[in-house]
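Participant: For the record, the sequence lines run as chains A and B. Quick note on this note's numbering: the first sequence kicks off at 1 and runs consecutively. Quick note on this note's numbering: the second sequence kicks off at 1001 and runs consecutively.
Everything labelled a hint here was simulated from the structure, so no lab data went into it. Check each hint, because a few of them may be wrong.
Claimed, not checked - Below, simulated DSSO-like cross-link-like pairs (lysine-lysine); rule was C-alpha separation at most 30 Å, straight line: (1) Lys-277(A) with Lys-1010(B); (2) Lys-1048(B) with Lys-265(A); (3) Lys-1293(B) with Lys-1214(B); (4) Lys-90(A) with Lys-184(A); (5) Lys-1010(B) with Lys-214(A); (6) Lys-270(A) with Lys-165(A); (7) Lys-1262(B) with Lys-214(A); (8) Lys-1010(B) with Lys-262(A); (9) Lys-1265(B) with Lys-277(A); (10) Lys-1048(B) with Lys-1010(B); (11) Lys-1094(B) with Lys-265(A); (12) Lys-84(A) with Lys-1247(B); (13) Lys-1277(B) with Lys-265(A); (14) Lys-184(A) with Lys-1084(B); (15) Lys-1247(B) with Lys-277(A); (16) Lys-119(A) with Lys-184(A); (17) Lys-247(A) with Lys-1064(B); (18) Lys-1094(B) with Lys-214(A); (19) Lys-48(A) with Lys-1277(B); (20) Lys-1265(B) with Lys-184(A); (21) Lys-270(A) with Lys-1184(B); (22) Lys-1119(B) with Lys-265(A); (23) Lys-270(A) with Lys-1010(B); (24) Lys-1094(B) with Lys-270(A); (25) Lys-172(A) with Lys-293(A); (26) Lys-1119(B) with Lys-262(A); (27) Lys-262(A) with Lys-1214(B); (28) Lys-1119(B) with Lys-1214(B).
To be verified - Computed footprint of chain A on chain B; a stretch qualifies when at least three of its residues, placed anywhere within it, have a C-beta under 8 Å from a C-beta of chain A: (29) 1007 to 1014; (30) 1031 to 1041; (31) 1100 to 1111; (32) 1143 to 1156; (33) 1180 to 1192; (34) 1262 to 1270.
Computed from a predicted model, the values in this text were never measured in an experiment. Even for Gly, the Cβ is constructed at its ideal location relative to N, Cα and C.
2 protein chains.
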Amino acid sequence: MSLQPGQSIKHLAIIGVGLIGGSFARAMRSADMVQHISGYGRNESNLKTAVQLDVIDDYSLDIKDVVKDADLIFIATPVGSIQKILSEIKDHIKADAIITDAGSTKVNVIQAAEIVFDKAPENFVAGHPIAGTENSGVEASFATLYQNHRVILTPSNYTNPEAVKWVSDLWKAVGADVLIMEAKHHDQVLAATSHLPHLLAFSLVNTLTTLDEKQEIFENAAGGFRDFTRIASSDPSMWQDICLANKDALLEHLEHFMGDLKQVKSALEKGDGEFLKQVFQRAKQSRDDFVDKSGSENLPPPNLRPN
Amino acid sequence: MSLQPGQSIKHLAIIGVGLIGGSFARAMRSADMVQHISGYGRNESNLKTAVQLDVIDDYSLDIKDVVKDADLIFIATPVGSIQKILSEIKDHIKADAIITDAGSTKVNVIQAAEIVFDKAPENFVAGHPIAGTENSGVEASFATLYQNHRVILTPSNYTNPEAVKWVSDLWKAVGADVLIMEAKHHDQVLAATSHLPHLLAFSLVNTLTTLDEKQEIFENAAGGFRDFTRIASSDPSMWQDICLANKDALLEHLEHFMGDLKQVKSALEKGDGEFLKQVFQRAKQSRDDFVDKSGSENLPPPNLRPN
Chain A
1 MSLQPGQSIK HLAIIGVGLI GGSFARAMRS ADMVQHISGY GRNESNLKTA
51 VQLDVIDDYS LDIKDVVKDA DLIFIATPVG SIQKILSEIK DHIKADAIIT
101 DAGSTKVNVI QAAEIVFDKA PENFVAGHPI AGTENSGVEA SFATLYQNHR
151 VILTPSNYTN PEAVKWVSDL WKAVGADVLI MEAKHHDQVL AATSHLPHLL
201 AFSLVNTLTT LDEKQEIFEN AAGGFRDFTR IASSDPSMWQ DICLANKDAL
251 LEHLEHFMGD LKQVKSALEK GDGEFLKQVF QRAKQSRDDF VDKSGSENLP
301 PPNLRPN
Chain B
1001 MSLQPGQSIK HLAIIGVGLI GGSFARAMRS ADMVQHISGY GRNESNLKTA
1051 VQLDVIDDYS LDIKDVVKDA DLIFIATPVG SIQKILSEIK DHIKADAIIT
1101 DAGSTKVNVI QAAEIVFDKA PENFVAGHPI AGTENSGVEA SFATLYQNHR
1151 VILTPSNYTN PEAVKWVSDL WKAVGADVLI MEAKHHDQVL AATSHLPHLL
1201 AFSLVNTLTT LDEKQEIFEN AAGGFRDFTR IASSDPSMWQ DICLANKDAL
1251 LEHLEHFMGD LKQVKSALEK GDGEFLKQVF QRAKQSRDDF VDKSGSENLP
1301 PPNLRPN
């Protein structure tokens, strides 16, 4: 089963051919890692576009047709739908097919797999590529999305280590850095770096939307506001799913943040500039360190990336 | 006094030769609008760099020398220092010199001018270019910073309309869109679009900095986090000043936001996905509309802008 260097996958099934699934397909093709790609989705016109863009070779609206011959099944649908997908494919996949996913939360995906397969199937490798833009749909997909981005794999106790190695090698072949982590730990970390920021960005823009001066506020916004709120242009249904799926970890970080924000508010009320400055300095220092280390400030922004 | 088309300023004084002051000097030079530029600042090595980069022609650490022959005095120091600057230059400027500033808050700047000059001097035109990056210092300045950006002027009742027209024409000559607004209204609007987002970005990064998994959290951050927190790399002292200077308007918006965030938290606790989705949808809709209208998503990010 394990992938040999240079050996391509005969048949790849992409479940959900959007930004994430489409970019994975494109990346696999670019790396010459795949012979045939079939796509499944609920929106036929999107699938037709995917064929036209040569992201997939063919598609079906019947998921069984798409997975039955697949060696690798890549599930890139919103996390809330993964259990349903697994139930639908369970009885139709090849015995040695590898399944992986790109869900933004991992505890619930592994639980879903345990429910559907009684225990997590040994060939199911839960994963999460830490990459994306605020755009969605196959038109927004591009082959280099995962290059120099991190992919976290969260195998369970049941997972076949060879399957993990196989999926890991695939991601590395398309330029990603792979990290293995426990699912629960993944959800904690991502609640902080991704889910909480999204919740705050959505909330802030929503609050501003309710102000009388709404129109004027948006008209007088500068680049900082544009960057800060970029993630508020993300897909609402997907983020509803993620927030609910990672509710506990997200609530924990949210409470922590709200407590800290209360202190900031109180310092502001008292005119305690020293306190504010310390908060701002700590934040700037951390962020500057992070940007220096990751070098990620040099990545092109979403709008300058090739489609 | 009023600027004739094509007529250049004989002597421009830049008080504070950093990103904002330096970019104004560069822009004025690029537009061939100025004959001589003198700079004042507290950091001599920064001023030397500014001369080397041809941003200014000469400098002095004595502010009197810099302003005494100036036709236009551009104050680009943190808002908390503007009153002191005005006191220092008051008795040394030419009678018909025009003074303008780039402070991020306007009520307190006008109050400062009223205190220093008894009433606001008729040639003082309070202003705020809505432009900037998270970088600071003259090395970060560039001539096109203000192109297609908005500049808000907030003249007081005392301000000579000709002086307003003169400053407005200058900004237009370097490609900015000029808007006239009451100072109090400016501060309300900017509290929402700029000051609150900065406070939240600083606060969030500060909160994450205090977590045990700090290192890991930053390592696993994706592009969305980078964009969301970009403004947390802004200058802490400057933002301390701004927050205190615009305390009332900022607190009002902060309270409103915290109230809304509580509702979001409560929906999350109850697993009320419908509520969350509505918040996310409203936010996405507003931001997408704003980006479509402003077209500003197509601007290059700070790191790709020329220095």
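Participant: Compare the structure with each hint and give your call.
Facilitator: So, going through the hints one by one against the coordinates:
1. Proximity of Lys-277(A) to Lys-1010(B) is assessed by CA-CA distance (about 39 Å); at most 30 Å being required, the pair is judged violated.
2. Only pairs whose Cα atoms come within 30 Å are accepted, and Lys-1048(B) paired with Lys-265(A) is rejected, the gap being roughly 40 Å.
3. In summary, the hint linking Lys-1293(B) to Lys-1214(B) is not supported, as the alpha carbons are separated by about 38 Å, beyond the 30 Å threshold.
4. Only pairs whose Cα atoms come within 30 Å are accepted, and Lys-90(A) paired with Lys-184(A) is accepted, the gap being roughly 25 Å.
5. Among the hinted pairs, Lys-1010(B) with Lys-214(A) is inconsistent with the structure: their alpha-carbon atoms are about 42 Å apart, more than 30 Å.
6. For the hint linking Lys-270(A) to Lys-165(A), the alpha-carbon distance of about 56 Å lies beyond 30 Å, and the restraint is violated.
7. The hinted pair formed by Lys-1262(B) and Lys-214(A) meets the criterion: a straight-line CA distance of about 21 Å does not exceed 30 Å.
8. In summary, the hint linking Lys-1010(B) to Lys-262(A) is not supported, as the alpha carbons are separated by about 51 Å, beyond the 30 Å threshold.
9. Taking the CA atoms of Lys-1265(B) and Lys-277(A), the gap is about 28 Å. The hint holds against a cut of 30 Å.
10. Note on Lys-1048(B) and Lys-1010(B): the hinted pairing holds, with a Cα-Cα distance of about 22 Å set against a maximum of 30 Å.
11. Distance hint between Lys-1094(B) and Lys-265(A) is unfulfilled; the C-alpha atoms sit about 43 Å from each other, more than 30 Å.
12. For the hint linking Lys-84(A) to Lys-1247(B), the alpha-carbon distance of about 50 Å lies beyond 30 Å, and the restraint is violated.
13. A hinted pair counts as satisfied when its Cα atoms are at most 30 Å apart, and Lys-1277(B) with Lys-265(A) qualifies at roughly 28 Å.
14. The suggested pairing of Lys-184(A) with Lys-1084(B) is violated, with an alpha-carbon distance near 54 Å, which exceeds 30 Å.
15. Between Lys-1247(B) and Lys-277(A) the CA atoms are separated by roughly 14 Å; this keeps the pair inside 30 Å, and the hint holds.
16. Our distance criterion of 30 Å between C-alpha atoms is met by Lys-119(A) and Lys-184(A), whose separation comes to about 17 Å.
17. Annotation: proposed proximity of Lys-247(A) to Lys-1064(B) is violated, straight-line Cα distance about 60 Å (limit 30 Å).
18. Distance check on the hinted pair: Lys-1094(B) and Lys-214(A) sit about 42 Å apart at the alpha-carbon level, beyond 30 Å; violated.
19. Straight-line distance between C-alpha atoms of Lys-48(A) and Lys-1277(B) comes to about 28 Å, which keeps the hinted pair within the 30 Å bound.
20. For the suggested pair Lys-1265(B) and Lys-184(A), the alpha carbons sit about 21 Å apart, so the restraint of at most 30 Å is met.
21. Simply put, Lys-270(A) and Lys-1184(B) have alpha-carbon atoms about 21 Å apart, close enough for the 30 Å limit, and the pair holds.
22. Annotation: proposed proximity of Lys-1119(B) to Lys-265(A) is violated, straight-line Cα distance about 33 Å (limit 30 Å).
23. Of the pairs offered as hints, the one joining Lys-270(A) and Lys-1010(B) is violated, with about 45 Å between alpha carbons and a cut-off of 30 Å exceeded.
24. Between Lys-1094(B) and Lys-270(A), the direct Cα distance comes to roughly 40 Å. Violation of the 30 Å bound is thereby established for this hinted pair.
25. Of the supplied pair hints, the one linking Lys-172(A) and Lys-293(A) holds, its CA atoms being roughly 21 Å apart against a limit of 30 Å.
26. Using a Cα cut-off of 30 Å, the hinted pair Lys-1119(B) and Lys-262(A) is violated, with the two alpha carbons roughly 38 Å apart.
27. Taking the CA atoms of Lys-262(A) and Lys-1214(B), the gap is near 21 Å; set against the 30 Å cutoff, the hint holds.
28. For the given pair, Lys-1119(B) sits about 51 Å from Lys-1214(B) by alpha-carbon distance, which is inconsistent with the 30 Å threshold.
29. Here's how the segment 1007 to 1014 of chain B fares: 0 of its residues keep a CB closer than 8 Å to some CB of chain A, so the rule of at least three is not met and the hint is violated.
30. With a threshold of 8 Å between beta carbons, the proposed coverage of the segment 1031 to 1041 of chain B by chain A is violated, since 0 of its residues qualify and at least three are required.
31. Coverage of the segment 1100 to 1111 of chain B by chain A is violated. Counting CB-CB distances below 8 Å, 0 residues qualify, and the rule asks for three or more.
32. Coverage of a stretch by a chain is defined here by at least three residues with a beta carbon nearer than 8 Å to that chain's beta carbons; for the segment 1143 to 1156 of chain B and chain A the count is 3, and the condition holds.
33. Counting residues of the segment 1180 to 1192 of chain B whose beta carbon lies closer than 8 Å to any beta carbon of chain A gives 4, which reaches the threshold of three, so the coverage claim holds.
34. For the segment 1262 to 1270 of chain B, the stated coverage by chain A holds: 5 residues have a C-beta nearer than 8 Å to a C-beta of that chain, and at least 3 were required.
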